[in-house]
Amino acid sequence: MFIYYLRDFVACFGATIFYCIIMQLPKKALWISSLSSALTYIVYRVIFLSISSEYVGYLAASCFAALSAEILARACKMPATIFIFPAVIPLVPGLGLYRTMLCLVRSDMSGFASEGTKTLIISGIIAVTVAVVNAFFRSILKRKTVAKE
Amino acid sequence: MNNCVENTDLLLDTAQLAALIVLESGGETSRAEEIATIICKSGGRDAEAIVLPTGAFLTVKDCEGKKISAAARIKIRGVNLYKVERANAYSRSFSAGKITLSELYENLTKLRSSILYSKTAVILASGLSAALFALLFEPTINLICLFDMLVAFGATALSQWVGMSSRLKNSYQFTVTFLSSFLIALITIATVHFSGIGNIDSIIIGSIMPLLPGLSFTNAIRDTVMGDLISGTIRVVETLLIAIGIAGGVGVVLIAYMNMGGTI
Chain A
1 MFIYYLRDFV ACFGATIFYC IIMQLPKKAL WISSLSSALT YIVYRVIFLS
51 ISSEYVGYLA ASCFAALSAE ILARACKMPA TIFIFPAVIP LVPGLGLYRT
101 MLCLVRSDMS GFASEGTKTL IISGIIAVTV AVVNAFFRSI LKRKTVAKE
Chain B
1 MNNCVENTDL LLDTAQLAAL IVLESGGETS RAEEIATIIC KSGGRDAEAI
51 VLPTGAFLTV KDCEGKKISA AARIKIRGVN LYKVERANAY SRSFSAGKIT
101 LSELYENLTK LRSSILYSKT AVILASGLSA ALFALLFEPT INLICLFDML
151 VAFGATALSQ WVGMSSRLKN SYQFTVTFLS SFLIALITIA TVHFSGIGNI
201 DSIIIGSIMP LLPGLSFTNA IRDTVMGDLI SGTIRVVETL LIAIGIAGGV
251 GVVLIAYMNM GGTI
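Protein chains in written order, with our numbering: chain A, 1 to 149; chain B, 1 to 264.
Same shape as in the complex, but just chain B (with noise of 0.2 Å):
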């Protein structure tokens, strides 16, 4: 009969685990659900699981019929599509029976802090994604492209890394977009002032499409849609934020520059 006990709790701890994982790397709410609902009907035994996108709450009936349940909050959301799909792979496979309750905990508990991309790699890339969509937003294509691609890089590049430097990496979301944006104005109304050349239009608009909400958005209106409408509510309000937070860091930059005279 302990046994049993010491089963289920396990089986608990696993389900919460893909439902963290799924929640904080921007998957769906009714897929985290389905996950740590899937995970413990396979382990046999009948779960409810309430998921929001600020924290998860999982109840499990062990063998004896008695309820246990475990809450946890979420303080970092972010986008790791990787983590949500080999989530989704393991407790897949667990359910089909190819892999044993343990083996699923550990490759969930690996998971949690696998890296598929390092730090610089992240940089360098969000770096050369502002480079490209400057040049997109390009009304006309001549050689000052070239130079708003190279200031976008830089900007988009510089404010990255300040934005996950580890002293604000565990601070607010809103906070680090306001600063990221900032300083992405910054940079680029300088440079555009100093040399005389380049289109700050399109370098900013490059520069601010990785910090865009577009995905939060499209996963609100999904859980919405989809009937979690508390998720969806929860997911709009932090949309809303990161754009406030994006249009504020680049318009205290610009109604600076005007009230000292530059022309935009």
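Just chain A, with the same shape it has in the complex (with noise of 0.2 Å):
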């Protein structure tokens, strides 16, 4: 069991280093924005697996990477976006993407429709988590400068 942890730490942390280098990542937020990504594809293996509810998983995951890309960003001065991609990366449904396809290749259409609905559940729950929580800590952040003033 341990070792697939492993795998997947390992697997995740490089592949995230080099998916920043294609995405022209500034050097400053390379290792720690790829460290980021690999905690948070081990939320969604630990609780996908002690849970085992796919978009439960998925749900916390994407929170965990939302909340420590704003940390992130406010600690290091940087905007956002920069952590942010990094650390979706490896829950981005391909597996989902390649499932549905195959479905449609082998003309199973009760296959592609429920995993066509699967795919595109997961990325909503990514991106709209993501989003939230976005907004909200921009919205906190703009009232206190509000304040300020």
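Wrong hints could be hidden among the right ones.
Think about it this way: if two alpha-carbon atoms lie no more than 25 Å apart in a straight line, the pair counts; the simulated DSS-like pairs of lysine-lysine are [claimed, not checked]:
id: 1; chain 1: A; residue 1: K77; chain 2: A; residue 2: K28
id: 2; chain 1: B; residue 1: K119; chain 2: B; residue 2: K41
id: 3; chain 1: A; residue 1: K77; chain 2: B; residue 2: K98
id: 4; chain 1: B; residue 1: K110; chain 2: B; residue 2: K98
id: 5; chain 1: B; residue 1: K67; chain 2: A; residue 2: K77
id: 6; chain 1: B; residue 1: K98; chain 2: B; residue 2: K75
id: 7; chain 1: A; residue 1: K77; chain 2: B; residue 2: K110
id: 8; chain 1: A; residue 1: K27; chain 2: B; residue 2: K110
id: 9; chain 1: B; residue 1: K61; chain 2: B; residue 2: K41
id: 10; chain 1: A; residue 1: K28; chain 2: B; residue 2: K98
id: 11; chain 1: B; residue 1: K66; chain 2: B; residue 2: K41
id: 12; chain 1: B; residue 1: K67; chain 2: B; residue 2: K41
id: 13; chain 1: A; residue 1: K27; chain 2: B; residue 2: K119
id: 14; chain 1: A; residue 1: K142; chain 2: B; residue 2: K66
id: 15; chain 1: B; residue 1: K66; chain 2: A; residue 2: K28
id: 16; chain 1: A; residue 1: K118; chain 2: A; residue 2: K77
id: 17; chain 1: B; residue 1: K119; chain 2: B; residue 2: K61
id: 18; chain 1: A; residue 1: K142; chain 2: A; residue 2: K77
id: 19; chain 1: A; residue 1: K142; chain 2: B; residue 2: K41
id: 20; chain 1: A; residue 1: K28; chain 2: B; residue 2: K110
id: 21; chain 1: B; residue 1: K110; chain 2: B; residue 2: K41
id: 22; chain 1: B; residue 1: K75; chain 2: B; residue 2: K119
id: 23; chain 1: A; residue 1: K27; chain 2: B; residue 2: K67
Derived DEER-like restraints, expressed as beta-carbon distance ranges [unchecked claim]:
id: 24; chain 1: A; residue 1: R74; chain 2: B; residue 2: K66; range: 22 to 32 Å
id: 25; chain 1: B; residue 1: A72; chain 2: A; residue 2: R74; range: 31 to 41 Å
id: 26; chain 1: A; residue 1: M109; chain 2: B; residue 2: L10; range: 29 to 39 Å
id: 27; chain 1: A; residue 1: K27; chain 2: B; residue 2: K66; range: 40 to 50 Å
id: 28; chain 1: A; residue 1: S50; chain 2: B; residue 2: K61; range: 52 to 62 Å
Derived by calculation from the structure, the hints in this document are not laboratory data.
Every residue, glycine too, gets a C-beta built ideally from N, C-alpha and C.
Grab the two chains, each in its own frame, and use the hints to assemble them into the complex.
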């Protein structure tokens, strides 16, 4: 069991570092955002394996990713976008898209519908969580600056 | 008086350049609007900016109260977080009074053509990232994983090299995505078929990860939540288009393989 978690962590950490180079992430943020991405995936795996609900796993993991991105952005004084993108990379449902397409290729229409819906819901969960957390932090910050003025 | 008009012109150019850099590099629409407005306000002019994923419109009042406006169209959109971060930092230091307007314009012009990681580095990085994603999606850990990682590296690096080649550089994103995923599936199927070992599923999933539109979908929902409804809708359509491109490119190869008697 432990070796699988280790595999997940190492593979995720490395894959995100190289993905960050594709996205031209500033060098200062490279290591820390890859670490938060790997931890995000571990959060997903742990929750998915313990309560066996994919949706809750994705919800918790993307909450973790968005919160850590906002905190890192405040700590490093960079836009939150720079930390959000790397953190959600391992959650992007490539597996779902592939399975959906595979069902279509095999002309398994009920499989296509169920896999497609699942993929859509998962990507919706990730995107909405990230957007809501981001908007929440932004509105808090705005209120603070208004109060200062 | 003449000097004043010139100054407003430069201000407009600078603000538009900043907005265009943020847009081209995959920043949120609201950030592009915010940066353009902040630059104009810091230069002492009233301004209004409307930014869409495909272009930016900007109107500034000059010192006589006349309105000057400019529109610019964007054709190529990618993800370049270095440019987003720098454009943000430059405009903030301008509004804090640390650099002058002409310095800001110079910095932004340099930034627009600057490269942080070279083309070769990006191609190698996408290959390595695909290899590690393939490892991540393996159902069991054994020696065949190494073979899968090698195939994923080769397929993705080659497809990225083709996608970034000069001939395809200015063509539509859909075409490039379709072609890249077609190549990935073709290489994977051929290698696994002729060698007899390897896991097609994990190789293909790992290899298409660098192409997936997860980031533009996240941006789409963020734009929608923040009230930029038009940008949000356009980005959702863009995301769907890319996803269909990937699924189509891989699907064509798989259908052909199954019709030739292969099993997936």
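Verification of the supplied hints:
Our distance criterion of 25 Å between C-alpha atoms is met by K77(A) and K28(A), whose separation comes to about 11 Å. For a cut-off of 25 Å, the pair hint linking K119(B) to K41(B) is broken: about 38 Å separates their Cα positions. Between K77(A) and K98(B), the direct Cα distance comes to roughly 17 Å. Compliance with the 25 Å bound is thereby established for this hinted pair. A distance of roughly 18 Å separates the Cα atoms of K110(B) and K98(B); the hinted pair therefore holds under the 25 Å criterion.
The hinted pair formed by K67(B) and K77(A) fails the criterion: a straight-line CA distance of about 35 Å is larger than 25 Å. A hinted pair counts as satisfied when its Cα atoms are at most 25 Å apart, and K98(B) with K75(B) does not qualify at roughly 33 Å. Only pairs whose Cα atoms come within 25 Å are accepted, and K77(A) paired with K110(B) is accepted, the gap being roughly 23 Å. This hinted pair checks out: K27(A) and K110(B) have alpha carbons roughly 19 Å apart, not beyond 25 Å.
The straight-line distance between the Cα atoms of K61(B) and K41(B) is roughly 11 Å, inside the 25 Å bound, and the hint therefore holds. A threshold of 25 Å between alpha carbons decides the hint, and for K28(A) with K98(B) the separation of about 22 Å falls inside it, so the pair holds. Our distance criterion of 25 Å between C-alpha atoms is met by K66(B) and K41(B), whose separation comes to about 16 Å. Annotation: proposed proximity of K67(B) to K41(B) holds, straight-line Cα distance about 15 Å (limit 25 Å).
Restraint check: the Cα-Cα separation between K27(A) and K119(B) comes to about 16 Å, which is no more than 25 Å; the hinted pair holds. The suggested pairing of K142(A) with K66(B) is violated, with an alpha-carbon distance near 32 Å, which exceeds 25 Å. In summary, the hint linking K66(B) to K28(A) is not supported, as the alpha carbons are separated by about 44 Å, beyond the 25 Å threshold. For the proposed pair K118(A) and K77(A), the alpha carbon gap of about 36 Å is over 25 Å, so the pair is violated.
Between K119(B) and K61(B) the alpha-carbon distance is near 42 Å, which puts this suggested pair outside the 25 Å criterion. Between K142(A) and K77(A) the CA atoms are separated by roughly 16 Å; this keeps the pair inside 25 Å, and the hint holds. At roughly 18 Å between alpha-carbon atoms, K142(A) and K41(B) fall within 25 Å of each other, so this suggested pair holds. Taken as a hint, the K28(A) and K110(B) pair is honoured in the structure, with Cα atoms around 20 Å apart against an allowance of 25 Å.
Proximity of K110(B) to K41(B) is assessed by CA-CA distance (about 23 Å); at most 25 Å being required, the pair is judged to hold. Proximity of K75(B) to K119(B) is assessed by CA-CA distance (about 20 Å); at most 25 Å being required, the pair is judged to hold. Simply put, K27(A) and K67(B) have alpha-carbon atoms about 41 Å apart, too far for the 25 Å limit, and the pair is violated. Judged by the Cβ atoms, the range 22 to 32 Å given for R74(A) and K66(B) is violated: they are separated by roughly 41 Å.
At roughly 32 Å, the beta carbons of A72(B) and R74(A) sit within the given window of 31 to 41 Å. Evaluation of the 29 to 39 Å hint for M109(A) and L10(B) yields a failure: the beta carbon distance comes to about 60 Å. A beta carbon spacing of about 45 Å between K27(A) and K66(B) agrees with the range 40 to 50 Å that was offered as a hint. Our hint of 52 to 62 Å for S50(A) and K61(B) holds, since their Cβ atoms are close to 60 Å apart.
Hints 2, 5, 6, 14, 15, 16, 17, 23, 24, 26, counting from the list given before, are not met by this structure.
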